[in-house]
Amino acid sequence: GIQVEQSPPDLILQEGANSTLRCNFSDSVNNLQWFHQNPWGQLINLFYIPSGTKQNGRLSATTVATERYSLLYISSSQTTDSGVYFCAVDRDSSYKLIFGSGTRLLVRP
Amino acid sequence: DAGVIQSPRHEVTEMGQEVTLRCKPISGHNSLFWYRQTMMRGLELLIYFNNNVPIDDSGMPEDRFSAKMPNASFSTLKIQPSEPRDSAVYFCASSFGGPTGELFFGEGSRLTVL
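Sequence lines, in order, name chains R and F.
Counting in this note's numbering, the first sequence runs from 1 upward without gaps.
Counting in this note's numbering, the second sequence runs from 1 upward without gaps.
Please note that a few of the clues may not be correct.
Under 10 Å between C-beta atoms, here's a sample of chain F residues computed to sit facing chain R [unchecked claim]:
| # | residue |
| --- | --- |
| 1 | A2 |
| 2 | H29 |
| 3 | Y48 |
| 4 | R64 |
| 5 | F65 |
| 6 | S66 |
| 7 | F74 |
| 8 | G108 |
Residues from chain R that face chain F, not an exhaustive set, calculated with beta carbons under 7 Å [as the list claims (entries may be wrong)]:
| # | residue |
| --- | --- |
| 9 | N31 |
| 10 | P39 |
| 11 | Q42 |
| 12 | L43 |
| 13 | Y73 |
Subject to a maximum C-alpha distance of 25 Å in a straight line, what follows is the list of computed DSS-like cross-link-like pairs (lysine-lysine) [stated by the list, open to error]:
| # | chain 1 | residue 1 | chain 2 | residue 2 |
| --- | --- | --- | --- | --- |
| 14 | F | K24 | R | K54 |
| 15 | R | K96 | R | K54 |
| 16 | F | K68 | F | K24 |
| 17 | F | K24 | F | K78 |
| 18 | F | K68 | F | K78 |
| 19 | F | K78 | R | K54 |
| 20 | F | K68 | R | K54 |
Because the hints were derived from the structure by calculation, they are not lab data.
Yeah, the Cβ is synthetic: ideal placement off N, Cα and C, and Gly gets one too.
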């Protein structure tokens with residue numbers, strides 16, 4: 001099956017810093033989504049981005065489907081950005097999203 | 001606009017007891033998913049409904065688990081009898097426009113089986 005690898009596994013930032021999280025996938029996909037799981041366990045959908053670039057406030061994401069990777073940019077990080085960031089993909093328009101193991105982010109004040 | 005609503009948020013029960021988790025998807029969404037999250041296995045898809053019909057339950061761990069969706073606004077996940085290894089956070093999620101639509105999760109139900 002398709003493999004999803006996220007890097008780095010852990011990241012510590014000082015408030016105000018910028019960061020880039022990466023998601024590599026082993027095969028072509030029809031669907032890629034980024035999620036943030038906050039310290040309280042809530043899973044929030046950040047982006048639905050099978051290709052191209054999207055921006056939402058301080059966050060933006062780019063997926064280069066032909067090269068099988070996606071990047072999540074966080075600018076001017078805040079402590080509320082802490083948590084785990086997951087990317088999830090599916091291929092062949094199936095419904096089974098395959099989740100990566102996540103990047104655990106800690107933003108220090 | 002209400003999101004996916006799950007109840008209970010926390011459940012502590014003893015081994016052998018029946019557990020029922022409930023979910024109300026976002027109005028208008030036609031796909032509903034039950035996931036389980038543990039430290040060891042991450043997020044696992046248990047079952048997927050489309051238009052209230054179970055499409056794939058291959059992720060349901062064993063016969064002790066069952067799920068129903070009697071109408072478009074309600075689903076249940078039942079564990080009977082529960083075991084300590086069922087302890088996990090159970091998420092319900094829904095999407096619009098089919099199974100590959102943007103996925104929205106509920107806040108989860110944290111289950112502890114003693």
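Hint-by-hint comparison with the structure:
1. At its closest, the beta carbon of F/A2 sits 15 Å from a beta carbon of chain R; the interface hint therefore is violated under the 10 Å criterion.
2. The beta carbon of F/H29 is not positioned within 10 Å of any beta carbon in chain R (closest approach about 13 Å), and the interface hint is therefore violated.
3. Taking 10 Å as the C-beta cut-off, the interface hint given for F/Y48 holds, the closest approach to chain R being about 5 Å.
4. Evaluation of the F/R64 hint against chain R yields a violated restraint, the C-beta minimum of about 22 Å exceeding 10 Å.
5. Hint status for F/F65 relative to chain R: violated, with the closest Cβ pair at about 17 Å, above 10 Å.
6. Because the closest C-beta pair between F/S66 and chain R is about 20 Å apart, greater than 10 Å, the hint is violated.
7. With 10 Å as the threshold, the beta carbon of F/F74 stays out of range of chain R, its nearest partner Cβ sitting at about 20 Å, so the hint is violated.
8. A cut of 10 Å between beta carbons decides the hint on F/G108: the least distance to chain R is about 6 Å, and the hint holds.
9. For R/N31, the interface hint holds, since its Cβ comes within 7 Å of a Cβ in chain F; the closest pair sits about 5 Å apart.
10. Interface restraint check: R/P39 against chain F, minimum CB-CB distance 13 Å, threshold 7 Å, status violated.
11. At a threshold of 7 Å, the smallest CB-CB gap from R/Q42 to chain F is about 6 Å, leaving the interface hint in force.
12. At about 4 Å, the closest approach between the beta carbon of R/L43 and any beta carbon in chain F falls short of 7 Å, and the interface hint on this residue holds.
13. Look at R/Y73: its Cβ only gets to about 20 Å from chain F, farther than 7 Å, so that hint breaks.
14. For the given pair, F/K24 sits about 29 Å from R/K54 by alpha-carbon distance, which is inconsistent with the 25 Å threshold.
15. Annotation: proposed proximity of R/K96 to R/K54 holds, straight-line Cα distance about 23 Å (limit 25 Å).
16. At most 25 Å may separate the alpha-carbon atoms for a hinted pair to count; F/K68 and F/K24 meet this at roughly 12 Å.
17. Of the supplied pair hints, the one linking F/K24 and F/K78 holds, its CA atoms being roughly 15 Å apart against a limit of 25 Å.
18. A distance of roughly 9 Å separates the Cα atoms of F/K68 and F/K78; the hinted pair therefore holds under the 25 Å criterion.
19. A C-alpha spacing of about 39 Å is found between F/K78 and R/K54, which places the hinted pair above 25 Å, so the restraint is violated.
20. Taken as a hint, the F/K68 and R/K54 pair is broken in the structure, with Cα atoms around 36 Å apart against an allowance of 25 Å.
The structure fails hints 1, 2, 4, 5, 6, 7, 10, 13, 14, 19, 20 (numbered hints given earlier, in ascending order).
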